[in-house]
Amino acid sequence: MGRKMTPNRNHSDGILKRSSISRETANLFLSALLNGDRHACWAIVKRQLDEGMSISDLYIKLFQPALYLVGELWERNAISVATEHMATAIIEAQMSQLYPQFVSPHPNGCRSMVTTVEGETHRVGARMVCDFFEMHGWDGQFLGSDIPQRELIRLIRESPPDILGISFTMFFNYGLLCDMLDDIQTEFPDLKTLIGGQAARRVDSRIRDQFPDVSIIRSLKDLERFLSSYPAPQDSTKN
Amino acid sequence: MTREKLIQSAETIGPFSETVAKEIYDKRERIVSEVNRIMLERDDLKRLIGDGNLEMMLNNHSNHGRFLVSLLVCFDTSVLVDTVTWVFRAYRSHGFKLTYWPTQLNVWIDVYKQELSPMAFDEVEPLYTWFLISQPFFVALSEEPDASEGFHGSTAE
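First to last, the sequence lines map onto chains A and B.
Per the working numbering, residue 1 is the first one in the first sequence, and the count goes up by one each step.
Per the working numbering, residue 1 is the first one in the second sequence, and the count goes up by one each step.
Because the hints were derived from the structure by calculation, they are not lab data.
Heads up, some of the hints might be wrong.
[Unchecked claim] Which bits of chain B does chain A cover? Going by a derived footprint, with three or more residues having C-beta under 8 angstroms, they are: (1) 62 to 69; (2) 90 to 104.
[What the hints assert, rightly or not] Interface residues of chain B toward chain A, partial, derived using beta-carbon atoms under 8 angstroms: (3) Tyr25; (4) Leu58; (5) Val73; (6) Cys74; (7) Thr83; (8) Glu125.
Glycine included, every Cβ here is placed at the ideal spot set by N, Cα and C.
Work out the full structure, taking the sequences as your base and the hints as a guide.
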């Protein structure tokens with residue numbers, strides 16, 4: 001086995017500055033994540049839930065900041081790409097483990113399709129978005145990352161969703177995003193489209209100028225607000 | 001030079017015409033593969049990029065090609081400066097040497113000259129001159145903690 005990774009104070013600060021999770025919990029979670037200890041991560045997740053934290057808060061306050069931090073550690077060559085992938089995979093596994101707890105027994109009859117811009121390899125943010133749709137009673141269809149544009153168009157044509165969500169993380173994919181939105185809006189002018197992700201926040205006004213019908217979702221909290229105010233469909237299977 | 005001054009200095013570049021953006025978008029794959037071919041033929045490549053970084057270099061070139069297209073359709077100087085700072089930080093921390101940047105930037109310029117129309121080349125070339133001139137400032141910025149807003153580190157919560 002390789003050496004154990006012990007995150008230092010600055011590392012856990014990366015989680016703390018973005019959430020209300022305690023320093024001890026942030027440290028333990030990050031340490032378990034970087035050491036590939038899936039069971040220890042799950043124990044922390046379970047304890048947070050037992051103490052009353054909602055699953056959406058867990059995503060926003062623990063998973064998301066931990067993922068950002070793992071990305072930063074890779075950037076600084078403090079961890080290898082293998083460790084980065086392992087940490088990401090552990091968080092995805094925790095999300096899968098949580099799924100039965102948040103999937104609604106009363107679906108609202110709406111369906112979302114969530115993917116990334118073509119060329120984008122960061123997929124967990126899009127998957128989190130899809131889970132948030134599920135938490136609000138939607139049927140969330142997660143397509144993964146880097147779907148070829150023509151395949152996405154074909155899929156929408158075959159089975160049009162109520163909302164299409166696109167994750168846009170790295171700015172260098174902006175040209176591809178514009179191309180994708182041009183095609184989607186030409187073929188499906190009435191399809192409600194949401195754009196989110198770190199790059200989307202940075203150039204939100206540009207996107208709005210170029211694509212006024214597209215909505216920018218600046219955070220998972222923002223998505224929660226959007227979904228709470230989204231009109232329920234006439235033919236809802238709820239009740 | 002501070003991040004703000006660098007952003008200010010970038011305001012003299014662009015904006016770019018739609019025709020040029022379209023030409024570069026259409027030729028982007030050929031340009032990237034030509035840049036890769038030239039770089040891969042270099043005897044000193046290992047000294048430029050460090051050990052075990054070949055895939056990372058090819059990834060950088062692919063991202064660079066898409067970055068240029070993105071800048072042409074959405075020229076945002078703060079995004080430009082923060083992205084380049086991020087690239088310097090991430091790639092240098094993985095072992096890329098400072099000499100890699102002028103080498104590859106000159107290759108991009110040569111390939112543009114060969115592949116693009118004179119009008120497109122004239123529009124794009126000042127951006128690359130700016131990259132070359134600004135390299136020492138990017139190096140300094142990338143060595144500062146949290147010099148940019150970051151791409152993996154910012155949240156809007």
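Restraint check, 8 angstroms cut-off on beta carbons, for B/Val73 near chain A:
This hint holds: B/Val73 lies near chain A, its Cβ roughly 5 angstroms from the closest one there, short of 8 angstroms.
The region 90 to 104 of chain B covered by chain A? Criterion: 3 or more residues, Cβ-Cβ distance below 8 angstroms.
holds (count 4)
When the least beta-carbon distance from B/Tyr25 to chain A is tested against 8 angstroms, hint result
Cβ of B/Tyr25 sits 6 angstroms from chain A, so the hint holds.
Quick check on B/Glu125 please, does its C-beta sit within 8 angstroms of some C-beta on chain A?
19 angstroms, violated
A closest beta-carbon separation below 8 angstroms is what the hint needs, so does B/Thr83 meet it against chain A?
The hint holds - B/Thr83 has a Cβ within 8 angstroms of chain A, the shortest such distance being about 6 angstroms.
Using Cβ atoms only, decide whether B/Leu58 comes closer than 8 angstroms to chain A, and label the hint accordingly.
At about 14 angstroms, which exceeds the 8 angstroms cut-off, the nearest Cβ of chain A leaves the hint on B/Leu58 violated.
Quick check on the hint: B/Cys74 CB to chain A CB, less than 8 angstroms?
This hint holds: B/Cys74 lies near chain A, its Cβ roughly 5 angstroms from the closest one there, short of 8 angstroms.
Count the residues of the region 62 to 69 of chain B whose CB lies closer than 8 angstroms to any CB of chain A, then report whether that count reaches three.
Holds: 5 residues of the region 62 to 69 of chain B have a Cβ under 8 angstroms from chain A.
In the structure shown, a violation is registered for the earlier hints numbered 4 and 8, in ascending order.
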